[in-house]
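Student: One letter stands for each residue in the lines below.
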Amino acid sequence: MGVFSIFPPRASTTAVQVDALYTFLLIVAGIMTALIFFCVFFFAVRYRRKNQDDPAPKAIHGSLPLEIAWSVFPFLIMLVMFAWGAKLYFQNYTPPLHDTFDIYVTGKQWMWKVQYPTGQREINEMHVPTGRPVKLILASEDVIHSFYIPAFRLKHDVVPGSYQTYWFEATEPGRYHILCAEYCGTNHSDMGGWVTVMKPNDFERWLAGDTGGSMREQGEKLFQQYGCVTCHVTDREGRCPSLLNVFGNPVVLDDGRTVVADEAYVRESILNPNAKVVKGYKHDIMPVFQGQISEEGLLQLIVYVKSLSPPAPRSGKSAAPAPKANPK
Amino acid sequence: MSTYLPFARTEARTNYLNADYGWKSWLFTTDHKRIALLYLFSITAFFFVGGAFAVGMRVNLLTPEGIFAHDTYNKLFTMHGIIMVFFFLVPSIPATLGNFLVPLMIGARDLAFPRINLLSWYLYMIGGAIALTAIVKGGVDTGWTFYAPFSSTYSNTHVILTAIGVFVSGFSSILTGLNFIVTIHTMRAPGMTWGRLPLFVWGHYATSLIQVLGTPVIAITLVLLGLERVLHAGIFDPAVGGDPVLFQHLFWFYSHPAVYIMILPGMAVISEIIPCFSRKALFGYTFVAISSIAIAVLGFLVWGHHLFVAGQSMYASMVFSLLSFLVAIPSAIKVFNWTATMYKGSISYETPMLYAFGFIGLFTIGGLTGLFLATLAIDVHVTDTYFVIAHFHYIMVGGMVMAYLGGIHFWFPKISGRMYPEGWARFAALIVFVGFNLTFFPQFILGYQGMPRRYAHYPPEFQVLNVMSTAGASILAVGYLLPIIYLGWAWRKGPKAPQNPWNAKGLEWEQSPTPPPTYNFETQPVVTEPAYNYSGESEEVGIG
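Quick note, the sequences are listed as chains A and B, same order. Just so you know, my numbering puts the end of the first sequence at 680, numbered straight through with nothing missing. Just so you know, my numbering puts the end of the second sequence at 570, numbered straight through with nothing missing.
Some hints could be false.
Unchecked claim - Covered stretches of chain A, as calculated for chain B (at least 3 residues, CB under 8 Å):
| hint | region |
| --- | --- |
| 1 | 358 to 365 |
| 2 | 419 to 430 |
| 3 | 440 to 449 |
| 4 | 490 to 502 |
| 5 | 506 to 513 |
| 6 | 549 to 561 |
| 7 | 652 to 661 |
Simulated from the structure, these hints should not be mistaken for lab results. Nothing here was measured: the structure is a model prediction, and the numbers come from that model. Idealized CB from N, CA, C, for every residue including glycine.
Model the full assembly from the supplied sequences, consistent with the hints where possible.
Tutor: Shown next, in the form of structure tokens:
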């Protein structure tokens, strides 16, 4: 890709799809622009005033068929753009349910902290394999950031107080920009890094490198350190729900609603336990951890909670190993 | 046919400019034409302040490592945005040309509330002075969008003072809109039916609706932001229980319609210029008029397209995407009708028409690139990049500022009673067009290649296009300084303007002396023909 290519490198399945859609729009916009420019130039020259004393030309007040035509036809073409764009958008922001490799990203002024379930931690660097869906779980410790990888044609804002996710499947090994796309203060333009796309074998080798304990192990340590273990696993009085087989499954709440226990639900239940209380349990039993645990720690706890649910039937390569004691 | 009044063309005729002298006669005037001039001079000053910040940004972006400190650059783009949006673009055409021309075009002697009109200008100046104070005290670095929780909790700059400035000037906008709505409803001359209103007036009517309905929302949003920043109320900052995405919904609920506040008056000017220099009635009058109202209404329903990657529901994004395509239709209708008006016309190339050509071309590109941003999957890639910057400037600078300059030249004889030098003016129009495209076209490419906006430093592969953009900006700056010089000269030394130098239709040219007397008309004008009746037809003709 030279300096004057209009396309950045394409390194994901999405990049190819977005570029195809972009090319379609470029062609439509190009034809429309050419049509209007031609008419303006042609009319301006063909009907120029040759003599100041020429009589005013005859008025043409309009044409209903023309008005209808140039409203309806463009709109039909726009409907194609809309449907095509919406389909891709849903696809990119809806991760597959199984077999994703999950990476946990925390943005803070002005760096990206990246954690892997296996325990590797990096700053402003991310390693991903080709040919495998990778799901990003994005958190922010302070202001809004946006995790943008132009070579994948993907970004999503990283919003404090919530988890945002998107997924991709990388295709071309190489190093590509990670950029922060939402203005976040002084060093916003330096809040970038590199994503390294590797062949699956290289990635497995990289992943096997030394770590200070997997994310699950670190999460388990925090689980004990904050005393979660006393109620959520061994509580004999039944004050708190067991966390076995909770993650990824529906939970019935005391107000009758049913929610799926995803990352956002677990996060909320740690920080603000009274927000969604499981049916049959009391409010105000568990302390509020808002402001007590770092975003990275939260992600480690979530990986641990995930590990308490057995792998889904198809997820042979699930990132977090399931405890052997809990076969379904 | 309307009757041409036999003006006594004596040199000593009293007009609004020589009716009274001294600073009091200007600062305490309630004449809409004098207030329009107060606005003209003040928004021109703000335009050059905002432009100076842009020059600073373009200089910084000459090299990937930048020239200024990060904080300096962040303040430059923030203050460029705030000054240009709130103190130039929003008031620009309505407060100057609109103020001057709406009463003249409908045959009224002033706006409905002349003293409120003066109050609008004072509120604008007070708001502007507060914002300038914030700048002098060290500036603000939140971006013109004030996104929380950065603005509410993390920024150490003068957020509150700036917000107060914007808040105060908002009331100026509301009052101007209110004044126009009441004036257009109640003060039209006998025979000036809604179906005969010049499209300039229709455009300003639509603009006023948005100003009155939308501006209070930004005022409330800024108050909430202040509460959050001072009292930590827990509205927007998640650390104290707030929702940062809520801020974006509230902000764009005003700020998206606000871009229509900025562009509708530009379209209104173009709808006057093209029939005049084609000597032909506007094609599809009814459709152009209704499309202004359609833009005003639909414009309130598309704010969510600024939040496609911000964490709003995917289904909400889908609805906003569809509605955003829908709002493109009335804009397209206008472009098609302007172009069709030229068909079999009698076209001449005076400066206002050159700006109208430029407007059609640049607005077309700006509008079509809007479709890219309405397309969800493409927006994910290009939002918050230079693609958005280029799109926005094609509409706002390529469209709106072109129309503004076209309008200023078109009505300069009416306003000043003098002619501007045509050769210089055509030259400047060409310079503006070339400079503009060189500045902003490379930014579309930069954006798709992935360069984010608001970057003080950038990856080195983006340098070539950035240097092109900066080179274009220096040409554009010359294009903007030239009119200041030759219009300033023409105001004092230009040849006296004839009553109707363009042989234009419309009450302001045909029935009000040039320049107009304080009360606009010497006798009550009566309208007996449709707008743009250049061919002199005696009967009203419907389309079909």
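Student: Compare the structure with each hint and give your call.
Tutor: Going down the list of hints, with the structure as the test:
no.	hint	verdict
1	358 to 365	holds (count 3)
2	419 to 430	holds (count 6)
3	440 to 449	holds (count 6)
4	490 to 502	holds (count 6)
5	506 to 513	holds (count 7)
6	549 to 561	violated (count 0)
7	652 to 661	violated (count 0)
Of the hints listed earlier, those the structure fails to meet are numbers 6 and 7, in rising order.
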